[in-house]
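Engineer: The primary structure of each chain is shown beneath.
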Amino acid sequence: MNDLLEYTLRLGDDALIAAQRTGEWIAAAPQLEEDVALGNVALDQLGQARSLLQYAGSLDGRTEDELAYFRDEREFRNLQLCELPTGDFAHAMARLLYFATYQHLLYDELRSSADETLAGVAGKAVKEVAYHVDHATQWVLRLGDGTDESHRRMQAALEALWPYTAEMFASDDVVRRLSVAVDPSTLEEEWTRRVTAVIDESTCERPTSSYQHSGGRSGRHTEHMGFLLAELQHVARSHPGATW
Amino acid sequence: MDFQATIDADGRIEPRDAMPDGYRKTLIRQIAQHAHSEIIGMQPEGNWISRAPSLRRKAILMAKVQDEAGHGLYLYAAAETLGVDRADLLDLLHSGKQKYSSIFNYPTLTWADIGAIGWLVDGAAIVNQVPLCRCSYGPYARAMVRVCKEESFHQRQGFEILYTLSKGTEAQKAMAQDALNRWWWPSLMMFGPPDAASTHSEQSMAWGIKRHSNDELRQRFVDMTVPQADVLGLRVPDDGLVYEDGHYRFTEPDFTELYDVVKGNGPCNQQRLSHRVKAHQDGAWVREAAAAYAEKQAARKESAA
Amino acid sequence: MIEPLWEVFVRSRRGLSHTHVGSLHAPDATMALRNARDVYTRRQEGVSIWVVRASDITASSPDEKDEFFDPAGDKVYRHPTFYEVPEGVEHL
Chain L
1 MNDLLEYTLR LGDDALIAAQ RTGEWIAAAP QLEEDVALGN VALDQLGQAR SLLQYAGSLD
61 GRTEDELAYF RDEREFRNLQ LCELPTGDFA HAMARLLYFA TYQHLLYDEL RSSADETLAG
121 VAGKAVKEVA YHVDHATQWV LRLGDGTDES HRRMQAALEA LWPYTAEMFA SDDVVRRLSV
181 AVDPSTLEEE WTRRVTAVID ESTCERPTSS YQHSGGRSGR HTEHMGFLLA ELQHVARSHP
241 GATW
Chain X
1001 MDFQATIDAD GRIEPRDAMP DGYRKTLIRQ IAQHAHSEII GMQPEGNWIS RAPSLRRKAI
1061 LMAKVQDEAG HGLYLYAAAE TLGVDRADLL DLLHSGKQKY SSIFNYPTLT WADIGAIGWL
1121 VDGAAIVNQV PLCRCSYGPY ARAMVRVCKE ESFHQRQGFE ILYTLSKGTE AQKAMAQDAL
1181 NRWWWPSLMM FGPPDAASTH SEQSMAWGIK RHSNDELRQR FVDMTVPQAD VLGLRVPDDG
1241 LVYEDGHYRF TEPDFTELYD VVKGNGPCNQ QRLSHRVKAH QDGAWVREAA AAYAEKQAAR
1301 KESAA
Chain E
2001 MIEPLWEVFV RSRRGLSHTH VGSLHAPDAT MALRNARDVY TRRQEGVSIW VVRASDITAS
2061 SPDEKDEFFD PAGDKVYRHP TFYEVPEGVE HL
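Just so you know, the protein sequences line up as chains L, X and E, in that order. Our numbering applies: residue 1 is where the first sequence begins, and numbers increase by one. Our numbering applies: residue 1001 is where the second sequence begins, and numbers increase by one. Our numbering applies: residue 2001 is where the third sequence begins, and numbers increase by one.
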């Protein structure tokens, strides 16, 4: 697979799988206003996924839907962080803080990529994810510095997802060879600074676990991914070749 | 101008105006039921967001279900202008003391059901709601203007889903017809019992809350929908359907089914309500945390000042 | 626990005033503003938002509306249509 395709799939799959999980909150959020807010987040993520998968598809003659619905698990390139089950609302906000802060730094850099399509997608997405960071931040502050129960849950969620964060910054030959890509290892320091500032202000402790999972970028996923894809793909796969 | 004079002059009643107790109660009941229907109505479609068969459809469906949350929100706000609190109305929904539209107690079994809901259920809702934009109570009328404006895409996207299916494979066509067969009668029942058996209608008409009778609106819906079914190449499951004098005469739905579903015996009553209650309970600690944080921040501001 | 109610005002585009669009619940002003963005500007309805705690609004009472508003009724000379303009006069 060529590097540009591989790279675009990574970004597109991150956004797609994140959207699939965020979408689970619609009709299940803690209050109506949050159903609407998370609906916006999910729609932004799905919009990014579509732009990126359309671009990826244009590189090897597939459509966004062929990529989303007719690839098997091992062909998906997303971070494991994005596919983990939804968990409670604290987990959702911890994941959004970690992921959107990463996406924000990434898209901000990618805006000046020599690849015009990637730069264009990033230019639009960077504003969307800035809002996601803000939304997650507001909630991490409120949950961390709210009640004893919310503090305990927020801390637990930050801890539970921390071991899935290093994968975001793993550099490899693909990003090193590909001049139009952002090498994510360059983002880690600033990411850590920003996330730490939010966690500190929320009165939670920044997790320190050093063990880190990996594998998503090479198609090795968690057990949860199979179920996620089964749900996402089953209608389309039951009617191959159909138009919807 | 007093209440009745305002109503007679087709004016609008605003929140702090004097109004008969019955008017207030009727409105609270109706607006709350409408709001409950919006948020319960998120479920039958919401459970297809994860399975929508194309990314374009997934985005449209997400936006639509999200709109329904927004509509619930506008309507609860309209009810609150009458002196009730949203939290209390939600409690009444959760305890089964207030109802929501029975249509949402039917299951969505295939992707075509998402098309049928948009086309038929939203279509029926629009027929019901457009006259409410002229309802005598200002905040309700204004909320409905916003809802109707936003809902205009809901019905079209449903029709488009079915249109695509009806032009698709044999399996897709069968799916579309099956959905129409299952949703047709419940949609007709969305307009409520026949006029002769409707308990609240007369007073609501006199108060300018309701502008047309149930049967009138039902007929309008059938007249509008049958030609659309022809375009889809689908068969409306009513052997008694005939066109005469500019209207489609149709078989009266079996209203005993409606009463049964209202009583709680629909296929999904339990499921819908318990999902709603669970989301509310699961979110309690989040709402408490937000309130606690707001209090702490206010106290900090106070002590800093 | 009851979350406060906020009234939402949106400026639909530059050059226009903020207009009341509805209300929502939020625990504090920061969240109220964000919720207002998500709930009331999903279709590009606005370029600026105000949120005001509903309990902070002082409103005129319908009981007082006669003395508040009726006295303005006979001041017809405040309206330009009160004045006669001779034929042929422009820019007036």
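Bear in mind the hints are in silico, worked out from the structure with no lab data behind them. Hints are supplied without guarantee of correctness; some may be wrong.
Claimed, not checked - With beta-carbon atoms standing in for the labels, derived distance ranges:
(1) X:1095 to L:149: 53 to 63 Å
(2) E:2058 to L:58: 53 to 63 Å
(3) X:1277 to L:197: 14 to 24 Å
(4) L:70 to X:1278: 29 to 39 Å
(5) E:2012 to X:1016: 25 to 35 Å
Please read these numbers as outputs of a predicted model, since none were measured by experiment. Beta carbons: idealized from backbone N, C-alpha and C, even for Gly.
Engineer: Compare the structure with each hint and give your call.
Structural biologist: Results for each hint:
1. A hinted range of 53 to 63 Å is violated for the C-beta pair residue 1095 of chain X and residue 149 of chain L, which are about 24 Å apart.
2. Between residue 2058 of chain E and residue 58 of chain L the Cβ separation comes to about 59 Å, which falls inside the hinted range of 53 to 63 Å.
3. For residue 1277 of chain X paired with residue 197 of chain L, a C-beta distance near 38 Å fails the hint of 14 to 24 Å.
4. As the Cβ distance of residue 70 of chain L to residue 1278 of chain X is approximately 34 Å, the hint placing it in 29 to 39 Å holds.
5. Taken as a hint, the range 25 to 35 Å holds for the pair residue 2012 of chain E and residue 1016 of chain X, whose Cβ atoms sit roughly 26 Å apart.
Consistency with the previously given hints fails for numbers 1 and 3, ordered from lowest to highest.
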